[in-house]
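Peer 1: Start from the sequences, fold in the hints, and give me the full structure.
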Amino acid sequence: MSDVIKEDQVLDCSGMLCPMPVVKATKAIKEMQSGQVLKMIATDPGAPPDMEAWSRQTGHELLRSMEEGGKFIFFLKKK
Amino acid sequence: MSKSDPNAPKRLALIASKGTLDWAYPPFILASAAAAMGWDVTIFFTFFGLPLLKPKLEAQVSPLGNPAMPMKMPFGPEGFQNFNWPMPNILMSNVPGFESMATSLMKQTFKNKGVATVEELREMCLDLDVKMIGCQMTMDVFGFKKEEFIPQCEIGGAATFLEFAADADVQLFI
Chain A
1 MSDVIKEDQV
11 LDCSGMLCPM
21 PVVKATKAIK
31 EMQSGQVLKM
41 IATDPGAPPD
51 MEAWSRQTGH
61 ELLRSMEEGG
71 KFIFFLKKK
Chain B
1001 MSKSDPNAPK
1011 RLALIASKGT
1021 LDWAYPPFIL
1031 ASAAAAMGWD
1041 VTIFFTFFGL
1051 PLLKPKLEAQ
1061 VSPLGNPAMP
1071 MKMPFGPEGF
1081 QNFNWPMPNI
1091 LMSNVPGFES
1101 MATSLMKQTF
1111 KNKGVATVEE
1121 LREMCLDLDV
1131 KMIGCQMTMD
1141 VFGFKKEEFI
1151 PQCEIGGAAT
1161 FLEFAADADV
1171 QLFI
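Order-wise, the sequence lines are chains A and B. Take 1 as the starting number for the first sequence in my numbering and just add one per residue. Take 1001 as the starting number for the second sequence in my numbering and just add one per residue.
No wet-lab data here; the hints were simulated from the structure. Please read these numbers as outputs of a predicted model, since none were measured by experiment. C-beta: ideal position from N, C-alpha, C; glycine also. Keep in mind that a hint or two might mislead.
Stated by the list, open to error - Below 30 angstroms or equal to it, Euclidean Cα-Cα: the simulated DSSO-like pairs (lysine-lysine) are:
#1 A/K6 / A/K77
#2 A/K71 / B/K1054
#3 A/K78 / B/K1010
#4 B/K1145 / A/K24
Unchecked claim - Pair ranges (Cβ atoms, derived):
#5 A/Q33 / B/I1150: 25 to 35 angstroms
#6 A/V4 / B/D1005: 39 to 49 angstroms
#7 B/L1162 / A/R64: 36 to 46 angstroms
#8 B/K1056 / A/K6: 44 to 54 angstroms
Peer 2: In structure tokens:
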């Protein structure tokens, strides 16, 4: 792992299936300030491609996406 | 907002025409995901999809005439849960209460796996400003009144839907 990303808020979507992770991420990021980073945790194997698509569609940058101990972790920067 | 504005959000136009539990999911899943991505979404509820606008949803699922539907048990060891139970038509059509049993098994399986309920998904759609239109003609045919539906819905006809759909990037009939 290279540089550490510091998150402003954490959202745990473990155990949730489509479309909950994208919906919950949207709701969480709405409450945040531009430039802040949301760390989102999910267990749905569909989450990685979905979060990439969500990032392209919304313009909120996906800074990093990784897998750790069976969990998917995303760092999303509000545009 | 028209297509001539390059900054206009993408649009999704859905027709929800079926009211069983298995068919109730796709419109609400797609609508909530699209709205979460910032799209402008309208769902037109028509024919058997119309009762999905009722405050309390009573969508059921029937394995009868649904031959590809796997019958899963939501309890017991993993191998037991993953087994597809063969359900002959003769059994499904003759056992009283079979549909409500199949419905509760499916609801429990969905819950165990972490799928939101149809009610929850509809609530999320409304939170994300998904527009819901009930079909006036279906209301007249089946005798529904606007007061029977959730207050957030609007009532309209084919022209109302088509006007939105004409400018939509994605249009689906479900």
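Peer 1: Please go over all the hints and tell whether each is borne out by the structure.
Peer 2: Status of each hint after checking the structure:
1. A/K6 / A/K77: 11 angstroms, holds
2. A/K71 / B/K1054: 37 angstroms, violated
3. A/K78 / B/K1010: 19 angstroms, holds
4. B/K1145 / A/K24: At roughly 34 angstroms apart (the allowed maximum being 30 angstroms), A/K24 and B/K1145 break the hint.
5. A/Q33 / B/I1150: 25 to 35 angstroms: 33 angstroms, holds
6. A/V4 / B/D1005: 39 to 49 angstroms: 40 angstroms, holds
7. B/L1162 / A/R64: 36 to 46 angstroms: Taking Cβ atoms as reference, B/L1162 and A/R64 lie about 43 angstroms apart, which means the hint holds.
8. B/K1056 / A/K6: 44 to 54 angstroms: 45 angstroms, holds
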